[in-house]
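Participant: Which chain is which? The protein sequence lines are A and B, in order.
Anchor point for the first sequence: position 66 equals 66 in the numbering used here, and the numbering is continuous, going up by one each time.
Anchor point for the second sequence: position 34 equals 34 in the numbering used here, and the numbering is continuous, going up by one each time.
In short, the hints are calculated from the structure, not lab data.
As the structure is a prediction and not an experimental result, all values here were calculated from the model.
Treat the hints loosely; a few may be bogus.
Here are some chain A residues pointing at chain B (derived, C-beta under 8 Å) [claimed, not checked]:
| id | residue |
| --- | --- |
| 1 | P107 |
| 2 | S219 |
| 3 | N245 |
| 4 | G246 |
| 5 | L248 |
| 6 | L249 |
| 7 | G250 |
| 8 | Q253 |
| 9 | G258 |
| 10 | V259 |
| 11 | I300 |
| 12 | P303 |
Note that CB positions come from ideal geometry on N, CA and C, so glycine has one too.
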Amino acid sequence: MSVESAERVRTLPMTERARLVPRFLAASAVILLAAALLSLSVGPTGITLTSLPRALDAAWFGADDAATARERLVLLDIRLPRTLIGMFVGAALAVAGAMMQGLFRNPLADPGLIGVSAGAALAAVATIVLGNTVLAPFIEPFGIYALPIAAFLGGAVSTTILVSIAGRHGQLAIGTLLLAGIALGALAGALTGLLAFGSDDRELRDLTLWSMGSLGGASWPKVFAVIPFGLLVLVVAPKLIRALNGFLLGEAQAFHLGVNVEKTKRLAILATAASVGAAVAVAGVIGFVGIVVPHVVRIIAGPDHRVVLPGSALLGATLVLMADVFARIVVRPAELPIGIVMAAIGAPVFLHLVLKRGVGGFG
Amino acid sequence: MLQARKATFEVAGKRLVDEADLEISPGRVVSIVGPNGAGKSTLLKLLSGEIHPTDGAILLEGRDLRDVAAGELARRRAVVSQSTVLSFPFTVLEVALLGASVPGFGMRDEAMVGLTVDAIETVGLKGFEERIYTELSGGERQRVHIARALCQLEAPVRPQGEAAALLLDEPTASLDFSHQSIVLGEARRQARLGRAVLVILHDLNLAAAYADEIVLMHRGKVMARGPAHEVLLDELLSEVYGCPVRTNTVPADGIPFVLPYIGA
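Looking at chain A on its own, in the form it has when it is part of the complex (with noise of 0.2 Å):
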């Protein structure tokens, strides 16, 4: 990355960011919790949130009556799940995505750039294609769930075959993870087109719609399913948070200030792989959030990342959930696919910024 780029960029002074970031935090924090409400108050049904005393009345003492009935099975079974599965999605994609950028150095890095999503699609894609034929033994025993279950594998294998070839000599090199990941996600691209090009018109649809990601599938046992990966990274992130700041002036350097630099590099490679894994298990394939997010945060508040992982995290999950809010309202009855709608409202915004005030970041 150049230097010239950066020279562009102009941030606030430290001082006064100090004084803004707890602001930020907590505005962040509000504005999720109101994009959360709005987004268990619509939807099709035309029920809002008025109604949510009496759906949870009637989830402790029973209905009385099919109308409260349906509130609640709209309310409590179909929209939270939804609501706290977007939550966690957006919330993992731009974690994922500021940890990358750090590690990398790179304020362009992604997880979908080291192949994690790649692999967890193609496995997802050849659950949807070959599940009724070569793989049914394997997955009818899982149900709907073998959808999930296999992308997570898929992302899991990944980083798995990504850490052993670029960790052969003991340590993990970054430029190799870099590229091998590249290498893998066009390999695991390939395959998926293979088994695109080999499916039959039903199939394709399901795969199609897939891949473009949605939150329209979100249960209970998701929620439940995501949840031990969730608290991995809210466990994980934390830690590497003085580490990351270092890793920006150079592994050497970082390791000159004292950061364990090898067990920094495989925390933030398996908290990535098993937040985007799990993300891309319960919603599809959503770009955009892990680069967009990171980036509007370090705009307004700098790049430390005792802002960037907590910014990230409070207005990734805010954005999906306005992504899907927008996706179930625009083309009522029926939702478009979150994927679409995410680039088509973040591109624009993105080269906003990227115009307005040279990139936060890029360096």
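Chain A is already provided as a structure; the job is to place chain B on it using the hints.
Facilitator: Chain B only, in chain A's frame:
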């Protein structure tokens, strides 16, 4: 304190450092000099623990450096490398603060900031605290990293008598005359505070003026070690640098100085 014992570093059959012996001790400034590609920076990387010798050993008070954890190492030595590329827009204060916030140091934030502001002033960058690092000139950036290293030495609470080292790789390369003397004067002050200082210099005259001991390297080997007047010799320097060199002394204080010999 920090010692290279027959340290050798070999890459693809080429010995970048060849059985080098060197020791730095508290209170002294040692300067490594030598032509380009002599292995100066590689030797400094070996001493910092960034790379490990393929043969021989690097010892920190008798312990092999491989057995010292990154966290402890960070408390015992600070390093300023030749170049650091920073791809995100941190302010000067934030970059220097990284030195004071080494994992595990656990200092309170106000104390850290106070310390860092002092270090920035020490390297002559007072008033630059809120400037964006990526917008600075080469010489200013270099001094930010020296301030960061000073913070790293200053920040930790040490057990009584624990020594620390400051390793500088060409800290004066892009500095003007006055900032060269600010930086090397600070290196001397650190030595007076009890640090072991190692500094790679290209300018033999700066080495003669500021170092207690000069280590002359050539093709990975240590050719000579000692005080300036024992190392800066016409014949030795002419052979190592491959060009005729004349040594003389400053009349007032007897410090040697070196000039290329252009002939009569």
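Participant: Taking the hints in turn, state whether each one holds.
Facilitator: Against the structure, the hints:
The beta carbon of A/P107 is positioned within 8 Å of a beta carbon in chain B (closest approach about 7 Å), and the interface hint is therefore held. At a threshold of 8 Å, the smallest CB-CB gap from A/S219 to chain B is about 40 Å, leaving the interface hint violated. At its closest, the beta carbon of A/N245 sits 6 Å from a beta carbon of chain B; the interface hint therefore holds under the 8 Å criterion. Of the supplied interface hints, the one on A/G246 holds, with its beta-carbon coming within about 6 Å of a beta-carbon of chain B, less than 8 Å.
This hint holds: A/L248 has a C-beta 5 Å from the nearest C-beta of chain B, less than the 8 Å allowed. The beta carbon of A/L249 is positioned within 8 Å of a beta carbon in chain B (closest approach about 6 Å), and the interface hint is therefore held. At about 6 Å, the closest approach between the beta carbon of A/G250 and any beta carbon in chain B falls short of 8 Å, and the interface hint on this residue holds. For A/Q253, the suggested interface contact is upheld, since its CB lies about 6 Å from the closest CB of chain B, less than 8 Å.
The interface hint given for A/G258 is met, as the beta carbon of that residue sits about 3 Å from the closest beta carbon of chain B, less than 8 Å. For A/V259, the interface hint holds, the least distance from its beta-carbon to any beta-carbon of chain B being 6 Å, beneath 8 Å. For A/I300, the interface hint is violated, since its Cβ never comes within 8 Å of a Cβ in chain B; the closest pair sits about 12 Å apart. Contact between A/P303 and chain B, as hinted, is supported at the beta carbon level, the nearest pair being about 4 Å apart and thus within 8 Å.
When held up to the earlier numbered hints, the structure conflicts with 2 and 11 and fits the remainder.
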